[in-house]
Amino acid sequence: MSDVEKFEVLFLPSGHKGRFAAGTHLLDAARELGVGIESICGGTGACAKCKCQVLDGTFDDEGHELSMGHMVTAATRHGMRSRESHVTAASEHEQRLARKHHFKNSERLSCQARVLGDAVVFIPEEARVREAIVRKAAGKPVAVRDLVTRKYFVTVPAPTLEDHRGDWERLRDALKAEHDVEADIDFMALKQLSDMAKPQRAKVMQLTATVWRQDPQCKGEVVRIENGDTSGTLLGLAVDLGTTTMASYLCDMHTGETIATESVMNPQIKIGGDDVMNRIAASDNPEKLHRMQKAVTGALSELADRVTQSVGYTAADISEIVLVANTCMHHIFLGLDPDSLGKSPFNPRIAHSVNIKSRDLHLAHVLPSINVHLLANQAGFVGADNTAVAIALEPYNSDELVAIVDIGTNGEILVGNRDRIYSTSCPTGPALEGASIKYGVRAARGAIEKVRIEPKTFDVRFKVIGKEAWNTRLEPSDIGAIGLCGSAIIDTVGELYKAGILAANGKFNMEIETPRLRRGEDGDAEFVIAWAAETAIGRDITMTIDDVRNVQLAKAAVYSGIQVLLDKLGRDKPERVILAGAFGSHLDLRRSLMLGLFHDVGFEHMHSVGNAAGDGARMALMNRAKREEAEHIARRIHYVELTNEPGFVPHFVDATLLPHKKHAFPSLARYGIDPAPPPAETRKRRRDRAAA
Amino acid sequence: MDQNDIAEIAELIADLDDEAIELVQECLDAGLDPVSVLKDGVVKGLEKIGQLFEAKEYFLAELMVGGELAENCIKIINPHLPKSGEGDRQGCVVIGAVAGDLHDIGYGLVAKQLELAGFEVHQLGVNVDAMDFINAAKDKNANIIGLSAFLVTTIPNCRDVVNYVRDMGLQDRFKVIMGGAETNQEKSDMMGADGWAPNAMEAVTLCKNIMAAHFGR
Chain A
1 MSDVEKFEVL FLPSGHKGRF AAGTHLLDAA RELGVGIESI CGGTGACAKC KCQVLDGTFD
61 DEGHELSMGH MVTAATRHGM RSRESHVTAA SEHEQRLARK HHFKNSERLS CQARVLGDAV
121 VFIPEEARVR EAIVRKAAGK PVAVRDLVTR KYFVTVPAPT LEDHRGDWER LRDALKAEHD
181 VEADIDFMAL KQLSDMAKPQ RAKVMQLTAT VWRQDPQCKG EVVRIENGDT SGTLLGLAVD
241 LGTTTMASYL CDMHTGETIA TESVMNPQIK IGGDDVMNRI AASDNPEKLH RMQKAVTGAL
301 SELADRVTQS VGYTAADISE IVLVANTCMH HIFLGLDPDS LGKSPFNPRI AHSVNIKSRD
361 LHLAHVLPSI NVHLLANQAG FVGADNTAVA IALEPYNSDE LVAIVDIGTN GEILVGNRDR
421 IYSTSCPTGP ALEGASIKYG VRAARGAIEK VRIEPKTFDV RFKVIGKEAW NTRLEPSDIG
481 AIGLCGSAII DTVGELYKAG ILAANGKFNM EIETPRLRRG EDGDAEFVIA WAAETAIGRD
541 ITMTIDDVRN VQLAKAAVYS GIQVLLDKLG RDKPERVILA GAFGSHLDLR RSLMLGLFHD
601 VGFEHMHSVG NAAGDGARMA LMNRAKREEA EHIARRIHYV ELTNEPGFVP HFVDATLLPH
661 KKHAFPSLAR YGIDPAPPPA ETRKRRRDRA AA
Chain B
1001 MDQNDIAEIA ELIADLDDEA IELVQECLDA GLDPVSVLKD GVVKGLEKIG QLFEAKEYFL
1061 AELMVGGELA ENCIKIINPH LPKSGEGDRQ GCVVIGAVAG DLHDIGYGLV AKQLELAGFE
1121 VHQLGVNVDA MDFINAAKDK NANIIGLSAF LVTTIPNCRD VVNYVRDMGL QDRFKVIMGG
1181 AETNQEKSDM MGADGWAPNA MEAVTLCKNI MAAHFGR
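Order-wise, the sequence lines are chains A and B.
Numbering of the first sequence is given in the numbering used here, commencing with residue 1 and proceeding in unit increments.
Numbering of the second sequence is given in the numbering used here, commencing with residue 1001 and proceeding in unit increments.
Okay, chain A solo, but in the shape it has when bound:
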């Protein structure tokens, strides 16, 4: 069947158009054309975000519907006849989702509907991808102690009939004589040397050699030769490759400062879906694995180009790259099949650090000879990015028992002190990032990011990204809310609990009288955060009982993950809680505590530290000792597989309650929340049977 019939698909409002084989999913068609449709689950038909509408009618090239008058003119030859029936009918699964998410009659999931004929497809406001706010800002300058890659300015004597050593040998000997540096030379640098030596034949040469020296005990390697003295400029690139976002930090390796940053979305999403498990599943197909590797190395090349250009350099000025990633992203970046990470016993292909030449990764723009250093992984689910967090925050030098929580689609947890450290990965699921939440969205313009609920009146104040003022100070029509991003989801559950609207078991208290608390069309309880008039989507933005349940599961995963590690250490509570990660740094710590995301260690002992993984990567870029520390600590941290721990299930169930079934939260007393754990759920209400 080589002649698969092809049909025209036109996306509105963007106007992108292309021809696609029958059976192509609309979402794939959109991606091929570069039309952004929101999809959090990666097209698996789980998140119900990729809504679209297949229009009925005849349309011109720009998607204007043609009137009957037009139709009879010659122009109708170019008219596109679109019918709802030109895509496959909704499966039972899709219909169920559509009911649950209150789709309008003709709305479809673009990841489910397949092309059967010409179709004009309208993407509604809430399903359009907006430019995500990439929240991976750089931190403070890093202290530079012992650089792995350095530049040396050398004067290479002219060759004579008496001294007929080769150009390289004269350079090598000069490096040794002037700087006491022993080195070999990379082939590409040798080519550079030969290109420079030719016009300066038989003259004294003044050159700058960039030397990468992995091991101070061993010889270094010259990776770049430049004319003249360029030793004042020494640039390195630190990269934090996340499942969703890839951030780069261009560093001046003399001062430790970050001179520019650039981020992109991880392009693998389009090929392998949005979470780690889907990427692993996609890697089963070698062709997809190859495409995902190419996509991410290509994106790194582009980032290197952009970030250097932005401050007047070129990517060829980068002398070394340090990259941190979770184990799956690490493996795909190297083109290693991550298959083993997806199944018990979840072992990685390699745990130790990796040094690899840029040319072996086919990186463009940067020199082929430079080194790319990947920090050590700890285990299948705790990768180099967490090792970077560890070297940035150094829990292994702490007397206090610290719990470090890095929340993403998977939460990574470190608990310990100088004596012993445990790590684990907990399945938070995508709820805290907005997926599996009815009105959940990514952090983008228009997303509600903060929510406050008045305990007496149940009035709601909220703030959307892109507006300075809270909603109460804006005209409703000027607010344009599109949904709830992660920080707002946490805020809402915390505030609902504080206001008594949610009981400890996560149930809405329907006796409270406010128009915001109601039953939705499906009869499920929900609370209105933004009225339709305050939104850009034309319907009330609510938090439903199902959303609350999903948040309960996510927060219980984090809390019980910490608890299992505490059990290992024989301790009840950490002494300090640190939220790391881009997401964590935008969470409101008080609201996070209200819903019981972690243990109550007192507000003064809770911090968020921003992107510690990026900090660790920058430290490793500019300090040999930090790389050694990473290698060492990655082997010393004891990884615990939660699902293999008998204590996990009971801890998990206890932690589904707000804030917790058994643990006290004294810090919440000031918010009018009973600090004692809720009484056992048995209600002694046995009736007087004697009367019966």
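For the record, the hints were derived by calculation from the structure and aren't laboratory data.
Check before you lean on any hint, since a few could be wrong.
Pairwise CB distance ranges (calculated) [said to hold, decoys possible]:
(1) 1205(B) <-> 539(A): 51 to 61 Å
(2) 349(A) <-> 1131(B): 21 to 31 Å
(3) 1029(B) <-> 521(A): 44 to 54 Å
(4) 1169(B) <-> 573(A): 53 to 63 Å
(5) 510(A) <-> 1029(B): 36 to 46 Å
(6) 1192(B) <-> 349(A): 25 to 35 Å
(7) 511(A) <-> 1169(B): 56 to 66 Å
(8) 1131(B) <-> 672(A): 37 to 47 Å
(9) 1003(B) <-> 520(A): 36 to 46 Å
(10) 1131(B) <-> 61(A): 52 to 62 Å
(11) 1192(B) <-> 475(A): 52 to 62 Å
(12) 1205(B) <-> 454(A): 35 to 45 Å
(13) 1025(B) <-> 397(A): 55 to 65 Å
(14) 466(A) <-> 1166(B): 34 to 44 Å
Being a predicted model, the structure only gives us computed values, none of them experimental.
All residues carry an ideal CB built from backbone N, CA and C; glycine is no exception.
Place chain B on chain A using the hints.
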């Protein structure tokens, strides 16, 4: 003591009130029919918990506590039940998490609910090889094989079990059902399973329906 007290047991269990245990004991001491104490008291209470779960009034913690409470009640009733209870058995289920999968919360809940609903349930644990499901099903003379897969990466392993059942010509003897957070009806159909349920409560209904449709119960 009378039928009202038995109804009260159901109420207490639905309210997660452990006085249910004492009341069960009192009813038995008073000579009430133990089968009725079980069916109209404890099982009825569990059904109410199920309804509250469906209505989203109860969540995991309540399900867990209610299950434990009912179990404690059943322990007291069991010695009083007539021995030839075979006819009352709903059916036999072997259940576990498929190869590569270590998640035991989900299928543990399903096993508990099935047991409470009167099924004979054999838990096979996590990371169970396809052939071990078949062997256990033969060994226990099961009707239903329950597969739990929580990861997109382990869902494909369900197909191995289905294939073994078919290749060995056992499809009339064993029906294969599956579930887990990342599964849905479509994926279940893709794996060739005979049934799928989204949660523990519906898994009970699913098993009852299978027993009625294929095994004449």
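Evaluated hints:
1. Distance hint for residue 1205(B) and residue 539(A): a CB-CB separation of about 33 Å, inconsistent with the stated range 51 to 61 Å.
2. For residue 349(A) paired with residue 1131(B), a C-beta distance near 28 Å keeps the hint of 21 to 31 Å intact.
3. At about 50 Å, the CB distance of residue 1029(B) to residue 521(A) agrees with the hint of 44 to 54 Å.
4. At roughly 58 Å, the beta carbons of residue 1169(B) and residue 573(A) sit within the given window of 53 to 63 Å.
5. Checked against the hint of 36 to 46 Å, the C-beta distance between residue 510(A) and residue 1029(B) comes to roughly 40 Å, which is consistent with it.
6. The hinted range of 25 to 35 Å is satisfied by residue 1192(B) and residue 349(A), whose Cβ atoms lie roughly 32 Å apart.
7. For the pair residue 511(A) and residue 1169(B), the supplied restraint of 56 to 66 Å holds, since their beta-carbon distance comes to about 59 Å.
8. Checked against the hint of 37 to 47 Å, the C-beta distance between residue 1131(B) and residue 672(A) comes to roughly 58 Å, which is inconsistent with it.
9. Our hint of 36 to 46 Å for residue 1003(B) and residue 520(A) holds, since their Cβ atoms are close to 39 Å apart.
10. In this structure the supplied range 52 to 62 Å holds for residue 1131(B) paired with residue 61(A), their Cβ-Cβ distance being about 59 Å.
11. For residue 1192(B) and residue 475(A), the Cβ-Cβ distance of about 57 Å falls inside the hinted range of 52 to 62 Å, so the restraint holds.
12. About 43 Å separates the C-beta atoms of residue 1205(B) and residue 454(A), a value consistent with the hinted range of 35 to 45 Å.
13. The hinted window of 55 to 65 Å between residue 1025(B) and residue 397(A) holds, with their beta carbons roughly 58 Å apart.
14. For the hinted restraint 34 to 44 Å between residue 466(A) and residue 1166(B), the CB-CB distance of approximately 56 Å leaves it violated.
Of the numbered hints given earlier, the model fails hints 1, 8, 14; all others are met.
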